[in-house]
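Trainee: Protein chains in written order, with the numbering used here: chain Z, 1 to 250; chain C, 1001 to 1250; chain W, 2001 to 2250; chain V, 3001 to 3250; chain A, 4001 to 4250; chain G, 5001 to 5250.
Fair warning: there could be bad hints in the mix.
[Unchecked claim] Derived DSBU-like pairs: lysine-lysine, alpha-carbon spacing no greater than 30 angstroms straight-line:
hint	chain 1	residue 1	chain 2	residue 2
1	W	Lys-2209	V	Lys-3018
2	W	Lys-2246	C	Lys-1195
3	W	Lys-2195	C	Lys-1238
4	C	Lys-1246	W	Lys-2195
5	W	Lys-2209	C	Lys-1138
6	G	Lys-5180	A	Lys-4005
7	Z	Lys-16	C	Lys-1209
8	A	Lys-4016	G	Lys-5195
9	C	Lys-1016	Z	Lys-195
10	V	Lys-3209	W	Lys-2107
11	A	Lys-4195	G	Lys-5005
12	A	Lys-4016	G	Lys-5180
13	Z	Lys-5	C	Lys-1180
14	W	Lys-2138	C	Lys-1195
15	C	Lys-1195	Z	Lys-5
16	G	Lys-5005	A	Lys-4238
17	Z	Lys-209	A	Lys-4107
18	W	Lys-2195	C	Lys-1249
19	C	Lys-1209	Z	Lys-138
20	W	Lys-2107	C	Lys-1209
21	W	Lys-2005	V	Lys-3238
22	V	Lys-3195	G	Lys-5249
23	A	Lys-4238	Z	Lys-195
24	Z	Lys-249	A	Lys-4209
25	A	Lys-4209	Z	Lys-238
26	Z	Lys-138	A	Lys-4195
27	W	Lys-2005	V	Lys-3209
28	W	Lys-2246	C	Lys-1209
29	V	Lys-3249	G	Lys-5209
30	V	Lys-3005	W	Lys-2238
31	W	Lys-2209	C	Lys-1107
32	C	Lys-1016	Z	Lys-209
33	G	Lys-5018	V	Lys-3209
34	A	Lys-4209	G	Lys-5016
[Stated by the list, open to error] Stretch by stretch, here's where chain A covers chain G in the computed footprint (C-beta under 8 angstroms, at least three residues):
hint	stretch
35	5002 to 5013
36	5023 to 5034
37	5061 to 5075
38	5101 to 5113
No lab work stands behind these hints: they were computed from the structure.
Backbone N, C-alpha and C fix where the C-beta goes; we use that ideal spot for every residue, glycine too.
Number of protein chains: 6
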Amino acid sequence: MTQMKHMTWYEFNERKDKDVVILPVGSVEQHGPHLPLFTDTIISEGFAELLAQEVNGIVMPAINYGYKSQPASGGGPLFPGTIDLNGVTLIALVQDILEELIRDGVKQIAVVNSHFENQAFLLEAIDLVSRHMPEGTKIVMMSWWDLITQETIDKVFDEVPFPGWALEHAAITETSLILKFAPETVHMDRLIEEKIEEVPTYQVYPIPKDLVPASGLLSIGRTSSQEKGELIIAEALKGMVSIVNKEFKN
Amino acid sequence: MTQMKHMTWYEFNERKDKDVVILPVGSVEQHGPHLPLFTDTIISEGFAELLAQEVNGIVMPAINYGYKSQPASGGGPLFPGTIDLNGVTLIALVQDILEELIRDGVKQIAVVNSHFENQAFLLEAIDLVSRHMPEGTKIVMMSWWDLITQETIDKVFDEVPFPGWALEHAAITETSLILKFAPETVHMDRLIEEKIEEVPTYQVYPIPKDLVPASGLLSIGRTSSQEKGELIIAEALKGMVSIVNKEFKN
Amino acid sequence: MTQMKHMTWYEFNERKDKDVVILPVGSVEQHGPHLPLFTDTIISEGFAELLAQEVNGIVMPAINYGYKSQPASGGGPLFPGTIDLNGVTLIALVQDILEELIRDGVKQIAVVNSHFENQAFLLEAIDLVSRHMPEGTKIVMMSWWDLITQETIDKVFDEVPFPGWALEHAAITETSLILKFAPETVHMDRLIEEKIEEVPTYQVYPIPKDLVPASGLLSIGRTSSQEKGELIIAEALKGMVSIVNKEFKN
Amino acid sequence: MTQMKHMTWYEFNERKDKDVVILPVGSVEQHGPHLPLFTDTIISEGFAELLAQEVNGIVMPAINYGYKSQPASGGGPLFPGTIDLNGVTLIALVQDILEELIRDGVKQIAVVNSHFENQAFLLEAIDLVSRHMPEGTKIVMMSWWDLITQETIDKVFDEVPFPGWALEHAAITETSLILKFAPETVHMDRLIEEKIEEVPTYQVYPIPKDLVPASGLLSIGRTSSQEKGELIIAEALKGMVSIVNKEFKN
Amino acid sequence: MTQMKHMTWYEFNERKDKDVVILPVGSVEQHGPHLPLFTDTIISEGFAELLAQEVNGIVMPAINYGYKSQPASGGGPLFPGTIDLNGVTLIALVQDILEELIRDGVKQIAVVNSHFENQAFLLEAIDLVSRHMPEGTKIVMMSWWDLITQETIDKVFDEVPFPGWALEHAAITETSLILKFAPETVHMDRLIEEKIEEVPTYQVYPIPKDLVPASGLLSIGRTSSQEKGELIIAEALKGMVSIVNKEFKN
Amino acid sequence: MTQMKHMTWYEFNERKDKDVVILPVGSVEQHGPHLPLFTDTIISEGFAELLAQEVNGIVMPAINYGYKSQPASGGGPLFPGTIDLNGVTLIALVQDILEELIRDGVKQIAVVNSHFENQAFLLEAIDLVSRHMPEGTKIVMMSWWDLITQETIDKVFDEVPFPGWALEHAAITETSLILKFAPETVHMDRLIEEKIEEVPTYQVYPIPKDLVPASGLLSIGRTSSQEKGELIIAEALKGMVSIVNKEFKN
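So here's chain Z without its partners, still in its complex pose:
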């Protein structure tokens, strides 16, 4: 079994000090007219489950809510349905969960993130926890996009140019991933050809309403496909497995 949520405590107890415990972290954030608000969490949970199957890991219930969406990587906080946590809250939340795992005797923790804006706050939480961890405990954090090679980028962006990872929001990679992980939630017919025209080179508050397209799309999503989703998943998963093996299995 991979899902902690369906385990009894007896089942968790038997495996807790031997197996990698995987914490998926997502967000509730606008992803344009065609993708669900839970896109990031679906992706994190999807990768976590696949990784657990490969490395005999345990998938924890996800952190469903994430840090504040930024205009140039998620459309920003002004879209209804984007439900953001303050930085200090996310730090405390992750800290508490990791500390509980460690108190339970867990030694191998892998955080799987797929919401760009979470990164700094997840690392802050992990850093604070790591200062008091017992010897031998390790925490890794992985984001799928960091594991994609240029070769795969070239294949995925065969027609549309690659806009960089931050701007790849609700665009080809995420659409392709959801087409694979939760196809029933994608509305390809609603996808429109819109993208951020002028990527801001600075930040301004109050955030202007017209900084990003009204649809919330930052980059072109055309040419998304389940096949591309498979390609990305295969490579990112391979990377994750090899990280887990390298860090935890020797």
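Following the hints, put chains C, W, V, A and G in place on chain Z, whose structure we already have.
Mentor: Relative to chain Z, chains C, W, V, A and G alone:
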């Protein structure tokens, strides 16, 4: 559609100021040898979904982690797999989510809780938020056990005596509810006849290891059944629908 | 001597690692037209003093202010004169005091509470402190109502039916206790026959003004008497003494 | 009636927007071999009661615990029986209480302090509260020593030279005040002739154990008397009354 | 005059609601064997001063300490001399300063950052402040590297390939900038040819000691020159001026 | 070299466990019509540099912003240009910096303060840090005014009477110090003869606008001179050197 997680932001946007938004809150907590760690969250999500169907509501992604399990209502924090948040963290988490909803223009919020120990901290969060809510916004919090009549209690506890709600942990009501909401996660064959023998009349720290049975069972779970689950669900749901109608529909 | 407030530090110093240190926790909260705002603190201080006499304990200065009054257990925060602390403040306050005691070398701490709403926050503070306590240190928390047997309840509620502990606010038990602990502050002539008519089965914010009677009385106080106060005190005190003896004296 | 603790909420309610509400703030701190740990709170409560009688004020239950004792003004934190709050805790505690008063409609608040080290943290709390106070609300903070004239100092320090207010700890002024406010708690026979020999001109941590005399006495207490207590009380009280009249009565 | 630190309050007062107030934010962080620990702050202060001259702005005293150095963008926290703030501290610090400016009536605030790791926490602070800003107040945040065009990158990286901004730590751009801003603090003779060999594609805690070169250099610094510094400054400054003009001058 | 900001990490690393590390703490605060807003920080940095030269110390980058100016010691928060931190922020800031030093292996830390209002909050931070410091680590805090003898006071206040240290704000001592440390920032021609007429004997909020002179001057600055600056510096520096030698060099 009831699940916010599967909505696009367009879909949420259209309904956000008309419909009740329902936030299920659970926990990751030992529930004996036969029930899953996610028992409370499964129940909260189950009720939230049913309620949403009845009142045309929107179910938010759950708060998956809850406040610290207490010995006399959840077995306490010493069971591996029980992953608890500190009080201040849960308060901040709920506060942030509610404030984001309100900033989005949501006016009707229903918090559905099924983890006993969450109550004080959820109310603290709601209280803090309510001090700055715009006129016309309302938040209700409901726990299913508060909506069960003596009549139903008598039916459910036909053989085993009712031990009180706090002690009804991993026992007849929760087992029956999970038999209905997620039967594939229940292991009736592993259920044993164990209960807390001497209910403590005070609290002591460090929490003694032998305060509760080694299984984590606080009360007798025998006689649990899907039928009893249906009975409880029917009555609690009726109560929830009537609360929502009373508070939000006039 | 029992009262730490009247001790010199020399006197405290000599007893600090041998004797039980008792921390009374109360509140400043409406208690109807006939009881003083300090009802809870008076009761906690009263029990603490009696307990100290029995077990050779030291009574600390009380925590005079408590957590937020709730409508269905204290009338709620809308009554002028109810002065409530935020949850995080009460947690920090209790944490600091307990940690100071422990730094001083105190090994045996008993928290005596008589404000229903304090419970979750007191336990959170104690839990946080207990994670770093030196071996051999113990903290117990006691609330007088948890120590009353059904037999005594039957005697006290000889005419008026027992409404449950949460609703026993400014009613027979508290009135009887104050008639014993601080009779000069009770105005029996102002006591009126009022009670909450429909006990709410859920919480709603903003808290409706008409949820509880205008007097702040939640249950019937008629038949209160000093004799009943004595009865309750005798039994609760016996319980407290036996807890202290069990936890600290072996 | 002056004591809020003995008022019913009806009584408080009638006076809350007309009368000055007085909050005494003290500490639990070593005061040498002859004075009680509660010396500061006794003094604050004593002044608060007298002031209330003069200006028809309402005395709140005291803040019993204060900020950390410093070596050169209270002996420091190493004396058993000195129970100190962290700075952030005291700030939050005072903030909560003041905000509750203001929510209740109180317009005139006087904080009466007698623990030297509390000052900065009390002012921080008041400052934070004052940023959001309704127009017309005022908070004053008074410490008795700020109201003593040179003439009175000369009278009180007729034999022993005045060491400055910070060092006047457990010495002539405080002993004289307690001889007046709570004479039964003073042990003049235990008073010894000891004082800090070299007043430190800087702070060092860890705090050296030999920085202050082993008795905790910082200055000479000889020549303390009830008459001197009366003298100090008379003058400080006159000052407090005139402050209240000036700030609140026009 | 540009430097607030040298202004009297009269001078600041006259300009506070007309002129842009510029807040430089830096860090104290290892920058290899040849650059000073204050590299980032020197750069921020340098840009702030030049910008102020161009737009008649006021430069505030810098925030001297920044967020935690990360291995792949600053070498990480293990280098002595790297003095990092926790995330919550930096957020609070920036929040307080911005709120004070706004209370003083300042309407135009430009934050100039040059420490990569600060970004998320600065934006969190600005976001929190912006929720309560008076209408008409604006805050921009600028990092010099976001304003450099590909053309300039090509010129600066004429021999050594551009490793991306995160890895450009203590390398060509920062060395060139310090050669211009504070040449006396650069030790070109100590610069060695070292760089991170395998850029990590994930994060792991505890941070391994051998993740980055022992020198703290992440990329090649050879070919740094004052001329390149001038080139970068000219372009970034032009960008900053145009941002300020666009956001504040219409 | 004395300035950490200009050191490479190699240079800091070699000296970090042998030499005293000096942290100057200042403020951004009104100092009348003739002194710069950075007066306190200039003084702290000035003393820190001189002290470092004497004891082979290392001067850290200053804490540029300080705690809230008070009317009777700094004019209060109402003067534009006075940029104050909240108490909790300053505590956290100092705590983080000290803890980082200690993690780096620094054993000898001297905090040099020159902003009156900082004192309580600096000590709170140091106290919190000191509870977990490794054996052998020491932190001292020094404020220059505590090191001035009566003899020097008599010389400096040859014409104008000494008003006490709290009121010596933007007056003779600070003006004389800046005339020595940063003469180019002093405008003696703008100095006017103004002082607080009635020193308040209590605090009141909201802070009245007319509590202090409109210029922000609390005491007479006439007769300030570079010579007096030299006198004060010589004596305070001697005191600091002797403290450092006493605490760290045996």
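Trainee: Does each hint fit the structure? Answer for all of them.
Mentor: Do the hints match the structure? See the list:
no.	hint	in the structure
1	Lys-2209(W) to Lys-3018(V)	holds, 24 angstroms
2	Lys-2246(W) to Lys-1195(C)	holds, 23 angstroms
3	Lys-2195(W) to Lys-1238(C)	holds, 27 angstroms
4	Lys-1246(C) to Lys-2195(W)	holds, 23 angstroms
5	Lys-2209(W) to Lys-1138(C)	holds, 14 angstroms
6	Lys-5180(G) to Lys-4005(A)	holds, 17 angstroms
7	Lys-16(Z) to Lys-1209(C)	holds, 19 angstroms
8	Lys-4016(A) to Lys-5195(G)	holds, 26 angstroms
9	Lys-1016(C) to Lys-195(Z)	holds, 26 angstroms
10	Lys-3209(V) to Lys-2107(W)	holds, 23 angstroms
11	Lys-4195(A) to Lys-5005(G)	holds, 24 angstroms
12	Lys-4016(A) to Lys-5180(G)	holds, 29 angstroms
13	Lys-5(Z) to Lys-1180(C)	holds, 17 angstroms
14	Lys-2138(W) to Lys-1195(C)	holds, 26 angstroms
15	Lys-1195(C) to Lys-5(Z)	holds, 24 angstroms
16	Lys-5005(G) to Lys-4238(A)	holds, 28 angstroms
17	Lys-209(Z) to Lys-4107(A)	holds, 20 angstroms
18	Lys-2195(W) to Lys-1249(C)	holds, 28 angstroms
19	Lys-1209(C) to Lys-138(Z)	holds, 28 angstroms
20	Lys-2107(W) to Lys-1209(C)	holds, 20 angstroms
21	Lys-2005(W) to Lys-3238(V)	holds, 28 angstroms
22	Lys-3195(V) to Lys-5249(G)	holds, 28 angstroms
23	Lys-4238(A) to Lys-195(Z)	holds, 27 angstroms
24	Lys-249(Z) to Lys-4209(A)	holds, 19 angstroms
25	Lys-4209(A) to Lys-238(Z)	holds, 26 angstroms
26	Lys-138(Z) to Lys-4195(A)	holds, 26 angstroms
27	Lys-2005(W) to Lys-3209(V)	holds, 24 angstroms
28	Lys-2246(W) to Lys-1209(C)	holds, 16 angstroms
29	Lys-3249(V) to Lys-5209(G)	holds, 19 angstroms
30	Lys-3005(V) to Lys-2238(W)	holds, 28 angstroms
31	Lys-2209(W) to Lys-1107(C)	holds, 20 angstroms
32	Lys-1016(C) to Lys-209(Z)	holds, 19 angstroms
33	Lys-5018(G) to Lys-3209(V)	holds, 25 angstroms
34	Lys-4209(A) to Lys-5016(G)	holds, 19 angstroms
35	5002 to 5013	holds (count 9)
36	5023 to 5034	holds (count 6)
37	5061 to 5075	holds (count 5)
38	5101 to 5113	holds (count 3)
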